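Q: Each chain, written out:
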Amino acid sequence: MGACLTAEVGRLGKTGLFLGQTLLYCVTPPVKGERVLRQTWFIGWKSMLVIVLTGTFTGMVVALQGFPTLRRVGSEGLLGPMVSLSLICELGPVLTALMVTGRAGSAIAAEIGIMRTTEQIDALELMGLNPLRYVVVPNVLASLLALPVLTLVFDVIGIFGGYLVGVRLLGLNGGTYFGEMSNYAEMKDILGGIYKALTFGLLIGWVCCYKGYHSRFGAEGVSTATTQAVVNASVLILVGDYLVTSLVF
Amino acid sequence: MIRVENLWKSFGGQEVLRGVSFEVQPGEFMALIGSSGGGKSLLLKLLVGLLKPDRGRIWVAGKDAAALSRSEMELLRSRIGFVFQGGALFDSMTVYDNVAFPLREKTFLDEKDICRKVMRQLELVGLRDAGHKYPAQLSGGMLKRVALARALVRDPEIVLFDEPTTGLDPVVSRAVLDLFGSVHRRLKLTGILVSHEIPRIFEIVQKVAILHEGRIIAVESPSRLCALPDPMVQQFVNGKSSADNRHLEGVAGLK
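Those sequence lines, one after another, are chains A and B.
For the first sequence, my numbering begins at 204 and goes up steadily by one.
For the second sequence, my numbering begins at 155 and goes up steadily by one.
Bear in mind the hints are in silico, worked out from the structure with no lab data behind them.
Owing to the predicted nature of the structure, the values given are computational and were not obtained by experimental measurement.
Mixed in with the good hints there might be a few duds.
Stated by the list, open to error - Within a straight-line C-alpha distance of at most 20 Å, the following computed SDA-like cross-link-like pairs (lysine to any residue) qualify:
hint, chain 1, residue 1, chain 2, residue 2
1, B, K206, A, H417
2, B, K271, B, T261
3, B, K361, B, R340
4, B, K199, B, L229
5, A, K235, B, R340
6, B, K260, A, K249
7, B, K260, A, Y337
8, B, K342, B, V326
9, B, K260, A, L332
10, A, K249, A, L401
11, A, K235, B, E374
12, B, K217, A, G331
13, A, K235, B, K271
14, B, K260, A, P233
15, B, K271, B, S336
16, A, K235, B, K361
17, A, K391, A, L450
18, B, K199, B, S246
Start from the sequences, fold in the hints, and give me the full structure.
A: This is the structure we're talking about:
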């Protein structure tokens, strides 16, 4: 029991140290700008299609389910605010983060895990390069840059999806849909969503890089690290969502 | 050039190295042989500071490797080339970029000089025309040769080879070892070669160290090693354990 607790505390300390070092290297030169851009393209641009699809259908479902409920209480004019606030404050950041974890986070963990097992990380170190700076920092920075942009795309596309269902399919007035939205959605809601996206970006970069970096050797080691990266990051995103919501909103 | 004194290293209570000592003179090429999982690769990783020893001293190029700061270790590593078992080439880069990578990252050479140095190394290992290929497009032997080119591109004084012929067929394996031998003779490098290719490696090294049960049990020139009467040494030199001999005799009906 005691040994188990000591090992767990040690593991937590190692994880925290990894994050601390990564954050320090994020703000001190040299930062590998070219690799940051390449990873931003990989995490951000290559996730765009899945974010557009998820955003569209999420907005459509929220509108489809919300409209009958609002009509029952005679407030169908509030469909726009309901769709936009649900997306901006909650669904946009969380679903974007979960999608990016599944698509890019798993790939990051697997790639770094393979670099570890094939001794590419040792090779970097022997060339006098800091593997954290070369491998981890670009992924964390790219994740921090990509998540807010993807979240905003998700929000905008989701609102458009809600418009398609609410206005085109269910007959709500287009002016009402967008007009009421501006009365209810405030800048602090948008900023809150961006804070969440930044938090989730850091969590995805940190957890997925950490798991890959400390992957055990062999194919099983890499597959375990990838699974743990996705599961741990997804759970932490939901926990982080609650914490940021309680602090910001 | 390399001196190891009473080196100890254990993992999870299991002692892998138990007082290893040996010395490699400048310009000397030493083979390190021993049973699989006996700590040979671990010893190389301790020499370059990828792992820290529990006890003992490691002197590389006059520096106590275990006591160096990160920046001092970086400086020392710039004088060492390391050829990994699997090559450890970066999959996302071409052969040319893999070899150029240490120069681009750690020197201030312009692209013209980098190109000249890279092409010289690729020519040395006989892969001048393979610069555009990716590691996944190379055969096992070519991978090892690119790994050697990358290890040599910063003109190191010491080169460490970690089982560089693992997974190669005998013909390619022989060619790779001959290449290592000729590179060593031409560049007068100090080297340690971890390998199971006995007796082929005896043709290219000046001395052989045998690591057995965490200790060096013999360090001799290949000819003197072959003449040693110690049965344990002979097992390694002949590549057969007494159990293997008994088994082979049984299979051949000699019992």
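Q: For each hint, tell me whether it holds in the structure or not.
A: Here is what the structure says about each hint:
{"no.": "1", "hint": "K206/B to H417/A", "verdict": "holds (18 Å)"}
{"no.": "2", "hint": "K271/B to T261/B", "verdict": "holds (12 Å)"}
{"no.": "3", "hint": "K361/B to R340/B", "verdict": "holds (18 Å)"}
{"no.": "4", "hint": "K199/B to L229/B", "verdict": "holds (16 Å)"}
{"no.": "5", "hint": "K235/A to R340/B", "verdict": "violated (37 Å)"}
{"no.": "6", "hint": "K260/B to K249/A", "verdict": "violated (31 Å)"}
{"no.": "7", "hint": "K260/B to Y337/A", "verdict": "holds (13 Å)"}
{"no.": "8", "hint": "K342/B to V326/B", "verdict": "violated (24 Å)"}
{"no.": "9", "hint": "K260/B to L332/A", "verdict": "holds (8 Å)"}
{"no.": "10", "hint": "K249/A to L401/A", "verdict": "holds (19 Å)"}
{"no.": "11", "hint": "K235/A to E374/B", "verdict": "violated (47 Å)"}
{"no.": "12", "hint": "K217/B to G331/A", "verdict": "holds (17 Å)"}
{"no.": "13", "hint": "K235/A to K271/B", "verdict": "violated (24 Å)"}
{"no.": "14", "hint": "K260/B to P233/A", "verdict": "holds (12 Å)"}
{"no.": "15", "hint": "K271/B to S336/B", "verdict": "holds (19 Å)"}
{"no.": "16", "hint": "K235/A to K361/B", "verdict": "violated (43 Å)"}
{"no.": "17", "hint": "K391/A to L450/A", "verdict": "holds (12 Å)"}
{"no.": "18", "hint": "K199/B to S246/B", "verdict": "violated (25 Å)"}
Violated hints for the displayed structure, listed by number in ascending order: 5, 6, 8, 11, 13, 16, 18.
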